[in-house]
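Peer 1: Same order as they appear, the protein sequences are chains G and W.
Residue numbering for the first sequence follows this note's numbering, beginning at 1 and increasing consecutively.
Residue numbering for the second sequence follows this note's numbering, beginning at 1 and increasing consecutively.
Simulated from the structure, these hints should not be mistaken for lab results.
Fair warning: there could be bad hints in the mix.
As the list claims (entries may be wrong) - Partial selection, computed: residues in chain W whose CB lies under 10 Å from chain G: (1) 4; (2) 33; (3) 35; (4) 40; (5) 91; (6) 105.
Stated by the list, open to error - Just a sample of chain W residues kept apart from chain G, beta carbon distances all over 10 Å, derived: (7) 3; (8) 25; (9) 26; (10) 29; (11) 41; (12) 43; (13) 44; (14) 59; (15) 62; (16) 69; (17) 79; (18) 95; (19) 103; (20) 104; (21) 114.
Where a beta carbon is used, it is the ideal one built from N, C-alpha and C, also for glycine.
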Amino acid sequence: KNQVEQSPQSLIILEGKNCTLQCNYTVSPFSNLRWYKQDTGRGPVSLTIMTFSENTKSNGRYTATLDADTKQSSLHITASQLSDSASYICVVSARSKSYIPTFGRGTSLIVHP
Amino acid sequence: DAGITQSPRHKVTETGTPVTLRCHQTENHRYMYWYRQDPGHGLRLIHYSYGVKDTDKGEVSDGYSVSRSKTEDFLLTLESATSSQTSVYFCAISEGTGGVQPQHFGDGTRLSIL
C-alpha cells in the first residue's frame, strides 16, 4: 500500500530561525512529489513539485530536496516568519493511469515572535 | 488564486438527510476532485472526474456519489448522511495529471452531521 509519513508531527520555532521537515514515502512506481502549505481554515497551496530527475527545488525561502533512492524528501524553511505558521503536507503520486496522489498527515509548524 | 468556489462553506444537518456540496471552477480545468480531511489522516480522495460525465471512485467512496454535467461544476452528494461523514471537504482542480500540474484547492466545506 502506498504510504507517506511525515515528521515531526508538530514543531515550534522562533521567528528568524531555520527548520527542516521530513517526508518518507513508499509510493511506487514514483512519479512526482509535492509540498503544500495549508493555512488554518484554507485549502492547501502548492509550494514545490519535483519529479524523479530533480533533487532540489526552491520557492523563495522554501527549499525542497528529494532522494529517490532512499525515498525521502525534506522541506527547509529559511529565516522563518510568523506567516509560515501552517501545516505542511507532503504528497506523492505514483505513475499510473490516473496518478492519484497519496497525502501525508502533515507537519504543523508554529512560529513564535 | 485559482478560481474555485465551494458551497456551502459550512453546513450542519441531521443523520439520514441528503446533502449536496458544490464545487465551481472558472479555470476550465479538465480534472476535478473531492477530498475529505479528518484529524489524524491525510487528505483522502472520495471521487474524481476526468471530464464531463466521466467520474471514478477514490479511496473512500462508500456513501458518496458525484455528478459532473458541466466542465465548471462538480457535485458531491451524501445520499443519507451519517455521523462518520462529519468532516471538512475539499474540492481540487488540475489541468492534467501525472507530470508537474499541481492541484489547486478550494477553501473547503465544513460539514457537521448530528
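Peer 1: Minimum Cβ separation between residue 62/W and chain G greater than 10 Å?
Peer 2: holds, 17 Å
Peer 1: Quick check for students: does the CB of residue 79/W sit more than 10 Å from each CB in chain G?
Peer 2: The claim stands: residue 79/W keeps its Cβ more than 10 Å from every Cβ of chain G (closest is about 24 Å).
Peer 1: Would you assess whether residue 3/W, listed as outside the interface, keeps its beta-carbon beyond 10 Å of every beta-carbon in chain G?
Peer 2: Holds, because the least Cβ-Cβ distance between residue 3/W and chain G comes to about 13 Å, which exceeds 10 Å.
Peer 1: Does residue 29/W sit more than 10 Å from chain G, CB to CB?
Peer 2: At about 14 Å from chain G, residue 29/W clears the 10 Å cut-off, so the statement holds.
Peer 1: Once the shortest beta carbon distance from residue 40/W to chain G is found, is it less than 10 Å?
Peer 2: This hint holds: residue 40/W lies near chain G, its Cβ roughly 7 Å from the closest one there, short of 10 Å.
Peer 1: Is the interface hint satisfied for residue 4/W? The criterion is a beta-carbon contact with chain G at less than 10 Å.
Peer 2: holds, 8 Å
Peer 1: Please verify that the nearest CB of chain G lies beyond 10 Å from residue 59/W's CB.
Peer 2: Answer for residue 59/W: violated, closest chain G Cβ roughly 8 Å.
Peer 1: Take a quick look at residue 114/W and tell me if its Cβ sits farther than 10 Å from every Cβ on chain G, holds or violated.
Peer 2: With a cut-off of 10 Å, residue 114/W remains clear of chain G, as the shortest Cβ separation is near 21 Å.
Peer 1: Using the nearest Cβ pair, does residue 33/W come within less than 10 Å of chain G?
Peer 2: holds, 9 Å
Peer 1: For residue 69/W, which was marked as not at the interface, is the minimum beta-carbon distance to chain G over 10 Å?
Peer 2: holds, 21 Å
Peer 1: Grab the minimum C-beta distance from residue 91/W to chain G and call the hint holds if it beats 10 Å, violated otherwise.
Peer 2: Status holds, d = 8 Å.
Peer 1: Does the claim that residue 95/W lies outside the interface with chain G hold up, using a Cβ gap greater than 10 Å?
Peer 2: holds, 12 Å
In this structure, the hints that do not hold are numbers 11, 12, 13, 14, 19, 20, in rising order.
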